[in-house]
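Asker: Sequence:
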Amino acid sequence: MNTEHTDTFRLPPIAGRPIAEVEAMAAAHYLTLTSAPQSPATARLVDDLTDKIQRTAGRRKSNELTAAVGALVADLLRHPEDFHYRSLSSNAFTGASIGYRPCKSAIEGMKTLGFLDIFPGFIRRYSVSQKAMATRMRLRPAFLEYAASFKISPSQWRDHFASCTGPLRNENPVQLRAKTEKDWNRRVRGKLLPICPSDAIAVMLGERVNEINRLRRSFTLSAEDVEQGRIYADDEVHTLFFRGFNRGNDDGNEYGWDRGGRLYPLGGAYQLFSKILRSTITFNGEPSVEIDLRASHFTIYHGLNGITLNLTDDPYSVEGFPRPVVKAWVTMTLGHHRFHTRWHKDAVKNTLKKAQIDLRAYSIKAVQAAVLEKHPLLKEWEACPLDWGGLQYEESNVIVDTVHALTVGQGIPTLPVHDSIIVPISKVEIAKKVLTEMFEKHIGSTPALKIG
Numbered sequence: 006m007n008t009e010h011t012d013t014f015r016l017p018p019i020a021g022r023p024i025a026e027v028e029a030m031a032a033a034h035y036l037t038l039t040s041a042p043q044s045p046a047t048a049r050l051v052d053d054l055t056d057k058i059q060r061t062a063g064r065r066k067s068n069e070l071t072a073a074v075g076a077l078v079a080d081l082l083r084h085p086e087d088f089h090y091r092s093l094s095s096n097a098f099t100g101a102s103i104g105y106r107p108c109k110s111a112i113e114g115m116k117t118l119g120f121l122d123i124f125p126g127f128i129r130r131y132s133v134s135q136k137a138m139a140t141r142m143r144l145r146p147a148f149l150e151y152a153a154s155f156k157i158s159p160s161q162w163r164d165h166f167a168s169c170t171g172p173l174r175n176e177n178p179v180q181l182r183a184k185t186e187k188d189w190n191r192r193v194r195g196k197l198l199p200i201c202p203s204d205a206i207a208v209m210l211g212e213r214v215n216e217i218n219r220l221r222r223s224f225t226l227s228a229e230d231v232e233q234g235r236i237y238a239d240d241e242v243h244t245l246f247f248r249g250f251n252r253g254n255d256d257g258n259e260y261g262w263d264r265g266g267r268l269y270p271l272g273g274a275y276q277l278f279s280k281i282l283r284s285t286i287t288f289n290g291e292p293s294v295e296i297d298l299r300a301s302h303f304t305i306y307h308g309l310n311g312i313t314l315n316l317t318d319d320p321y322s323v324e325g326f327p328r329p330v331v332k333a334w335v336t337m338t339l340g341h342h343r344f345h346t347r348w349h350k351d352a353v354k355n356t357l358k359k360a361q362i363d364l365r366a367y368s369i370k371a372v373q374a375a376v377l378e379k380h381p382l383l384k385e386w387e388a389c390p391l392d393w394g395g396l397q398y399e400e401s402n403v404i405v406d407t408v409h410a411l412t413v414g415q416g417i418p419t420l421p422v423h424d425s426i427i428v429p430i431s432k433v434e435i436a437k438k439v440l441t442e443m444f445e446k447h448i449g450s451t452p453a454l455k456i457g
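With the numbering used here applied, the sequence shown covers 6 to 457.
Where hints are given, some of them may not hold.
[Stated by the list, open to error] Heads up, simulated DMTMM-like pairs for lysine to aspartate or glutamate below, C-alpha to C-alpha not over 25 Å straight-line: (1) Lys358 with Glu232; (2) Lys109 with Asp56; (3) Lys109 with Glu69; (4) Lys384 with Asp318; (5) Lys432 with Asp239; (6) Lys280 with Asp319; (7) Lys432 with Asp297; (8) Lys156 with Asp53.
Just so you know, these hints were derived from the structure itself, not from any lab.
Could you put together the complete structure from these sequences and hints?
Answerer: This is the structure in structure tokens:
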């Protein structure tokens, strides 16, 4: 997954929206739906608003609708002038504490009452570079006036709302997606697939994730975007984890739960932060540090083949070519099942952005020959039964076991970011020790770690 904070995208040309509004949509806040009213004033507002929605929609008032209205209002009033987002697909609510139907009724009701603007999401891309967009929404001034009539001001959010307390559990801790498909020249993300409730492996994997989730309220998170003057509250940094597996329909055989498997926070959360923003994360007010597995997939590929790389010698240092060019080739290769004949457009774009180097200035065949000479094991990649999904799975086992050992075993809050972990700065040495031990356990070789 990308680690940029803002999910930049382009709306269809027919939308005709100002650039500033599009940028504001890209910086939208995720609707966690994990906060609730705690003051008498907000209880009265939620009760009155639920009555209005019920009368408008002609539906029966229920505890589920009241809870959905309370959670929705809590999220929207935390940042009243900003956009918020949430996928309104029923799959996105599977097992959630706030159900799909009550949440959708609350959103549609607030829109009908003139309290909320809705900007529907879309799935298909309108250009090669355009991402899908989840539904965006933003409060209208009329709702702030309505809230003021109950003497509720967004500036006093903490007096009126509170995040849910107590042990947390994700009722959908494991997700399985179909393989990515191509639609003309576009790659379309695989759809979510149903998981049999009696699948013993899925149940075991999910329980392990929830053992980590149960300790979420044992620490408080925050982050600060100094440039934007924005502070991210606890639930905006992270709520709950799930483990995402891939390629669920590769063949007709029973799924082996051995592709992908990374730990993701709901809504992307801190994993969508830029590296600079992630560096501001605090645990109970204590600064954090990020520990990376250097050349993770490259090291795993060699380790599983009985070879320990000497990472004091930079594996991406190849005579005749800049390091970013070599790294781009290795990343492309290990993310595909065969050698490329030309540079992928995304690799060209990313390398140009990060290193100001145009890959198209270098012969991909020449780069391949030089890399294979330095790392001859890569010559066997095309015939290797291990693919990118398998590499990611092996890496995920290292990270999941590290997070579990630190969070559950030693009470050290830990946030994973694919091939790295974020921990309180005072716990960096023990975190390095555990991460190394888990890598050696699963891969059979010792990793090189990078701090910062």
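Asker: State for each hint whether it applies.
Answerer: Results for each hint:
{"no.": "1", "hint": "Lys358 with Glu232", "result": "holds, 20 Å"}
{"no.": "2", "hint": "Lys109 with Asp56", "result": "holds, 16 Å"}
{"no.": "3", "hint": "Lys109 with Glu69", "result": "holds, 12 Å"}
{"no.": "4", "hint": "Lys384 with Asp318", "result": "holds, 20 Å"}
{"no.": "5", "hint": "Lys432 with Asp239", "result": "holds, 20 Å"}
{"no.": "6", "hint": "Lys280 with Asp319", "result": "holds, 22 Å"}
{"no.": "7", "hint": "Lys432 with Asp297", "result": "holds, 15 Å"}
{"no.": "8", "hint": "Lys156 with Asp53", "result": "holds, 14 Å"}
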